[in-house]
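Asks: Please build the complete structure, drawing on both the sequences and the hints.
Anchor point for the sequence shown: position 292 equals 292 in UniProt numbering, and the numbering is continuous, going up by one each time.
No wet-lab data here; the hints were simulated from the structure.
The beta-carbon is built from N, C-alpha and C at its ideal position, and this holds for glycine as well.
Hints may contain errors.
[As the list claims (entries may be wrong)] Computed list of lysine-lysine pairs in DSS-like fashion (alpha-carbon distance at most 27 angstroms, straight line):
id, residue 1, residue 2
1, Lys3, Lys99
2, Lys190, Lys229
3, Lys79, Lys33
4, Lys79, Lys44
5, Lys35, Lys83
6, Lys355, Lys172
7, Lys99, Lys33
8, Lys33, Lys70
[Stated by the list, open to error] Derived Cβ-Cβ restraints for the label pairs, each shown as a range:
id, residue 1, residue 2, range
9, Leu316, Glu222, 30 to 38 angstroms
10, Cys226, Arg270, 23 to 31 angstroms
11, Arg20, Arg109, 29 to 37 angstroms
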Amino acid sequence: MRKPLPVDADLLPEAVKGFRSPTRLCPPRMRSKLKDDELTYLRKLAQSLPTHFVLGRNRRLQGLAAAILKLWEKTIIAKIAVKWGALNTSNEQMADELKSLTGGVLLLRNKEIALRKCQSNEEGARLKAIETSYVPGGPTSRSGTLYEFQYFQIKFQKTAKEDSEIQLEAYKEKLERELRNQEYRLRILKSKIEKPARDLAKLNCAWVPSERDADQGIMTEEERECFRKIGLKLRGSLVLGRRGVFEGVMEGLHQHWKHREVVKVITMQRVFSQVIYTATLLEAESDGILVSVDKLKEGHAIIIYRGKNYKRPLRLLKKNLLTKREAFKRSILIQRVGSLNFFANQIERVISDLKLKLAELHGSKEKHLKSNTL
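Replies: Dropping the structure here:
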């Protein structure tokens, strides 16, 4: 046998004229709560019962409470189901509202609410309190019903075209915000570049490279190859660090030439053009003859011959070159300016890409507007 359909409690009136909650007085020496075995038995009994009401709102349930009190004249358990898909429903708030209105005992509260009428000596008073009932033909409320949900869906729904336009505007705003952030970062980086670039220019102006001596000895290919082999076999060498060529390097060259004719200078520079520039600078400052530049495992080897007419200078430190401290400061400034310029170039590429995307977005928007007008 099929179970009867439940009553839609949302169609019941929100307020009933003259409704009063029934008075509940427990007999002497009795607890108002159910025992565990009684609660388990009543829950099992409620599972087989049909659903009496379906509910979709949390408050203003006087009409439902009056109907439950009327139902309790025939059965001790009232079973209420929560509407599926109803907005802003809370079975906890529903159960509290019904308990305060009917004075029943809550047996179960999840997707269904089961209320049991309370046994007391004041059942007659309860019956007198519910004599006033609602008028069936009275006005009903549509709050929390399916009709109200469908009405709001039709009223506030947006078309797919409006959604695409909103997404396009949001994407455009995101690109513009990112463009402003990248431009701000670029301004900060350029302001950071100014001071080290100014200090680096001062240090570069502080030293002047020497001119090459036109009266250098002539070296044949056989002599060059011989000095190259001798220089590569040398164990002692002069290593150039991050400071580059400064007055201490010239002093080291002359100290090597004090005992041998050839000196091997090892530089860690990776770019070959920088290695050639360093070799020519060493040749000009030391008045020696550049023999060869060779690639080794640890770097590049620069072989320099002191010349046949070599005379040890009285002053080993040259005044036109930077000191050790100034050379170290110059190398730090070069590294700082280079890294800042690298990040500035990266941000400039990002800015150009963002501007290109914004231009494409404006073009697509204009085409869309023209198609709509046509």
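Asks: With a cut-off of 27 angstroms on the C-alpha distance, tell me whether Lys33 and Lys70 pass.
Replies: 23 angstroms, holds
Asks: Can you tell me whether the CB distance of Cys226 to Arg270 sits inside 23 to 31 angstroms?
Replies: This hint holds: roughly 29 angstroms between Cβ atoms.
Asks: Has the given pair, Lys35 with Lys83, been kept, meaning a C-alpha gap of at most 27 angstroms?
Replies: 30 angstroms, violated
Asks: For the pair supplied as a hint, Lys99 and Lys33, is the alpha-carbon distance within the 27 angstroms limit?
Replies: 13 angstroms, holds
Asks: For Leu316 and Glu222, compare the CB-CB distance with the range 30 to 38 angstroms and indicate the outcome.
Replies: Roughly 32 angstroms apart at Cβ, these two residues keep to the hinted range, so it holds.
Asks: For the pair supplied as a hint, Lys190 and Lys229, confirm whether the alpha-carbon distance does not exceed 27 angstroms.
Replies: 49 angstroms, violated
Asks: For Lys355 and Lys172, compute the direct alpha-carbon distance and say whether it is at most 27 angstroms.
Replies: With a Cα-Cα distance of about 11 angstroms, the restraint between Lys355 and Lys172 holds, given a limit of 27 angstroms.
Asks: Measure nothing beyond the straight line between the CA atoms of Lys79 and Lys44; if it is 27 angstroms or shorter, mark the hint as holding.
Replies: 13 angstroms, holds
Asks: So if I understand the rule, the pair passes when the alpha-carbon distance is 27 angstroms or less; does Lys3 with Lys99 pass?
Replies: 26 angstroms, holds
Asks: Does Lys79 pair with Lys33 here, judged by a C-alpha cut-off of 27 angstroms?
Replies: With a Cα-Cα distance of about 19 angstroms, the restraint between Lys79 and Lys33 holds, given a limit of 27 angstroms.
Asks: The hint says 29 to 37 angstroms between Arg20 and Arg109; measuring C-beta to C-beta, is that right?
Replies: 25 angstroms Cβ-Cβ, so the 29 to 37 angstroms window is violated.
Checked against the numbered hints listed earlier, the structure breaks hints 2, 5, 11; every other hint is satisfied.
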